[in-house]
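2 protein chains.
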Amino acid sequence: MDIIKPRTLSGFMELLPAKQAQMERMMEILRKTYASYGFAALDTPVIEDAQILLAKGGGETEKQIYRFQKGDSDLALRFDLTVPLAKYVALHCNELAFPFRRYQISKVYRGERAQRGRFREFYQADIDIIGDGKLDILNEAEIPAIIYKVFRGFGLERFQIRVNNRKILNGFYAMMELSEKSGDIMRTVDKLDKIGAEKVKVILMDDCGLSETQADEILKFIAITGTNAEVLAALEGYAGRNEIFDLGLAELKAVTANLAAFGVPEANFAVDLTIARGLDYYTGTVYETTLLDHPEIGSVCSGGRYDNLAGYYIEKALPGVGISIGLTRLFYVLDEQGLLNPELPSAPADALVLPMTAEPGPAIALAEELRSAGIRVQLYGEQKKFKQKMAYANKLGVPYAVLLGEDEIAEGKCSVKNMTTGEQLKLTPAEAAAHILAGMAANNGPVILEK
Amino acid sequence: MDIIKPRTLSGFMELLPAKQAQMERMMEILRKTYASYGFAALDTPVIEDAQILLAKGGGETEKQIYRFQKGDSDLALRFDLTVPLAKYVALHCNELAFPFRRYQISKVYRGERAQRGRFREFYQADIDIIGDGKLDILNEAEIPAIIYKVFRGFGLERFQIRVNNRKILNGFYAMMELSEKSGDIMRTVDKLDKIGAEKVKVILMDDCGLSETQADEILKFIAITGTNAEVLAALEGYAGRNEIFDLGLAELKAVTANLAAFGVPEANFAVDLTIARGLDYYTGTVYETTLLDHPEIGSVCSGGRYDNLAGYYIEKALPGVGISIGLTRLFYVLDEQGLLNPELPSAPADALVLPMTAEPGPAIALAEELRSAGIRVQLYGEQKKFKQKMAYANKLGVPYAVLLGEDEIAEGKCSVKNMTTGEQLKLTPAEAAAHILAGMAANNGPVILEK
Chain A
603 MDIIKPRTLS GFMELLPAKQ AQMERMMEIL RKTYASYGFA ALDTPVIEDA
653 QILLAKGGGE TEKQIYRFQK GDSDLALRFD LTVPLAKYVA LHCNELAFPF
703 RRYQISKVYR GERAQRGRFR EFYQADIDII GDGKLDILNE AEIPAIIYKV
753 FRGFGLERFQ IRVNNRKILN GFYAMMELSE KSGDIMRTVD KLDKIGAEKV
803 KVILMDDCGL SETQADEILK FIAITGTNAE VLAALEGYAG RNEIFDLGLA
853 ELKAVTANLA AFGVPEANFA VDLTIARGLD YYTGTVYETT LLDHPEIGSV
903 CSGGRYDNLA GYYIEKALPG VGISIGLTRL FYVLDEQGLL NPELPSAPAD
953 ALVLPMTAEP GPAIALAEEL RSAGIRVQLY GEQKKFKQKM AYANKLGVPY
1003 AVLLGEDEIA EGKCSVKNMT TGEQLKLTPA EAAAHILAGM AANNGPVILE
1053 K
Chain B
603 MDIIKPRTLS GFMELLPAKQ AQMERMMEIL RKTYASYGFA ALDTPVIEDA
653 QILLAKGGGE TEKQIYRFQK GDSDLALRFD LTVPLAKYVA LHCNELAFPF
703 RRYQISKVYR GERAQRGRFR EFYQADIDII GDGKLDILNE AEIPAIIYKV
753 FRGFGLERFQ IRVNNRKILN GFYAMMELSE KSGDIMRTVD KLDKIGAEKV
803 KVILMDDCGL SETQADEILK FIAITGTNAE VLAALEGYAG RNEIFDLGLA
853 ELKAVTANLA AFGVPEANFA VDLTIARGLD YYTGTVYETT LLDHPEIGSV
903 CSGGRYDNLA GYYIEKALPG VGISIGLTRL FYVLDEQGLL NPELPSAPAD
953 ALVLPMTAEP GPAIALAEEL RSAGIRVQLY GEQKKFKQKM AYANKLGVPY
1003 AVLLGEDEIA EGKCSVKNMT TGEQLKLTPA EAAAHILAGM AANNGPVILE
1053 K
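Chains A and B, in that order, give the protein sequences. Note that my numbering gives residue 678 to position 76 of the first sequence, counting from 1, and the numbers run on in steps of one. Note that my numbering gives residue 653 to position 51 of the second sequence, counting from 1, and the numbers run on in steps of one.
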């Protein structure tokens, strides 16, 4: 038979079991945290009608999308979870209760040029809250709490949720009579971290056609920093000159007002006037999240408030607020930076039960008893030498081996070997279960370990 | 703006939130059960190189597969989880510990003609145990225990795991010098349930060219029924005439010998000589699982032992045993039959916290306190009339509403309303958490409710 060389396509993540175990932990934390805030799990097809996915059009999307014919159908793979959500809400509008809160942790597809750390298939972990016509600002205020819980759940402390409001920016540029140029200006200002204020000023004047006074005024505005109270106080100085600005400031105050009640420490939250989120889509609060020790990663959780989720599919205005975590890229970067906790058990089982007699019955019953105590147990039935069995346990990384020979069976006990320390104890099945569970509990650290 | 009518492609399941909640429960039971037997979670790409997916070729697969070009690449969507597993094991062979046990619950794609209850995108929930050259029979014996735990986990009692061994069938047809015709014979015998013994006999004689004696001998063989002990005893009567048969009988005995130790009641397990599993792929134990009250559904969990997982990709022989649950179809059928437990909470939150004051701070803090007790809480901030808030709570199906007005805040309490009974209690936050958790625990029935 001809052999075809196996390979996985480039740009597609495929993890070995120990790494996958870490990824599964992160997904479980995401699911639990999102669910704890009352978001419903949602699952939509990977394949949709291409016309529907591409309703908005736009250059990059059209180029990157996986689109193909099957029979007479013009099909495409989803490139994000927002467009399928818009379709879903438009389609099931009458059956949903609004505000409609959903989370979705699913794969999306973008045929980008392959490069290190860029994926063509990747998970997004999204939440959105969709209102029917209106949506209270409290929803926007709640988002930082959810971001905070997710990253604390991963084990991180040194991260910052950076928040701004598009109405403040739009209002500010309107005050300066620069609304028409605001898109170009925001794209330029967005480069501040990378190229510095001097170069931003040059581009604002040369490319955007601003006067030096205007450029200075903008740089002064985005240079407003300090505690949240200080930034808000500085913004008050601009109030009363533009309605949109004032509305944005009121929203920003509402979002920051209840951080303590939501349990978000000030250290993990900052009003940051440089955050714009390029898309026209956003109309209110916008969010980015950075790891303080790894600013080079960029934002690991972004999103914002929008006014019209599903305008391509339905007349009704559906405002919402949502955030997205690019989970595959986040995982890749965390792994590359060595931030995944190597101490966490990565084996598929907590205990490997090794029958040492010809008759496997007692080992089977023991394995079942340990399982019913909540232990993940693999029964090892291969006819190998003891040394080979131990080598297997070590390669698997299983923390405990449980040996059951004639002696143990006669005594109603089993021998529990701690594979890390080498300690071996003869215990009853109930004692063995308690011993293993205690070891597992002690070994239950965070997924991400800050250095 | 032009409106594009939203739709979901036919053959693609997209559930409303309450139904999705049931599906999520089933997935969690599958993940936990598979993990408890020491299977590692695996995730492989949806898109693979088409040449690799189609290495085996074969008519139906080639017709149904979603295959397309992107740039110079010939791509396809996986049509099962076994071929990607074969690729994965061949590719990562040196990094894996064997036996390698993995589970995967993922979507697969088949462009079948759309018809009721047939899906083009559907979940499979698979486990496989792969050996490196050898694999002990104990692994085949363990599979019924896992199937049993999964379906009991779903809440079912009235199901039967039906087991046979391909070596017994192959050995039997070899004894009868009918090996060459065994494929045709097994396909005919497989129709026994549908068309009856008389018609099977006619086809065996007319189409397969068997003598009446041969046909009678086959019908006599597959008519062997009774308790497992009775069937095994009857099979002993054929022993000693063919090596393959004897080996199969020894395997079947080993698989049935430890059922009690594995915790599988005899009522849920039957040796059934009519089970053949059409594929040439299987070489030993084969499994099917039927719901006793719904035989029309067919097998809801099937699989078996094979000798060569990845022969298309690697020279090394990788034997294994695996089973697959067609989860999307199972869910569809259970729902259609009205077997999904309607009593289970289907709301995305256990409690809806309603601030009744202008200042949301106390309600936010209360919601966070309930969440940290393990309750899924939605905070409702919309400015609506009380009646509308209650209508929302009812539409969402949330079991508890928690009201927080001036009076409650002054007393350090909150009003917890049971949305089913209408009972309303004024409780401290800690009492409220305990009250809601107790209600949730009482409301935690099985996913599937037998009638």
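Just so you know, these hints were derived from the structure itself, not from any lab. In this text, all values refer to a predicted model and were calculated from it rather than measured experimentally. A portion of the hints provided could be inaccurate.
No distinction is drawn between identical chains; accordingly, a pair holds when it is met within one copy or between any pair of copies.
[Said to hold, decoys possible] Here are the computed lysine-lysine pairs in the DSBU-like style, where the Cα-Cα straight-line distance is at most 35 Å:
hint, residue 1, residue 2
1, 855, 989
2, 855, 1028
3, 665, 607
4, 855, 986
5, 796, 991
6, 793, 989
7, 658, 607
8, 1028, 634
9, 989, 736
Going through the hints against the structure:
1. 855 / 989: between (66 Å within a copy, 29 Å between copies)
2. 855 / 1028: So residue 855 and residue 1028 pass the 35 Å test across copies only (32 Å; inside, 63 Å).
3. 665 / 607: both (30 Å within a copy, 24 Å between copies)
4. 855 / 986: between (68 Å within a copy, 22 Å between copies)
5. 796 / 991: neither (55 Å within a copy, 48 Å between copies)
6. 793 / 989: neither (59 Å within a copy, 49 Å between copies)
7. 658 / 607: So residue 658 and residue 607 pass the 35 Å test across copies only (13 Å; inside, 40 Å).
8. 1028 / 634: between (38 Å within a copy, 28 Å between copies)
9. 989 / 736: between (67 Å within a copy, 17 Å between copies)
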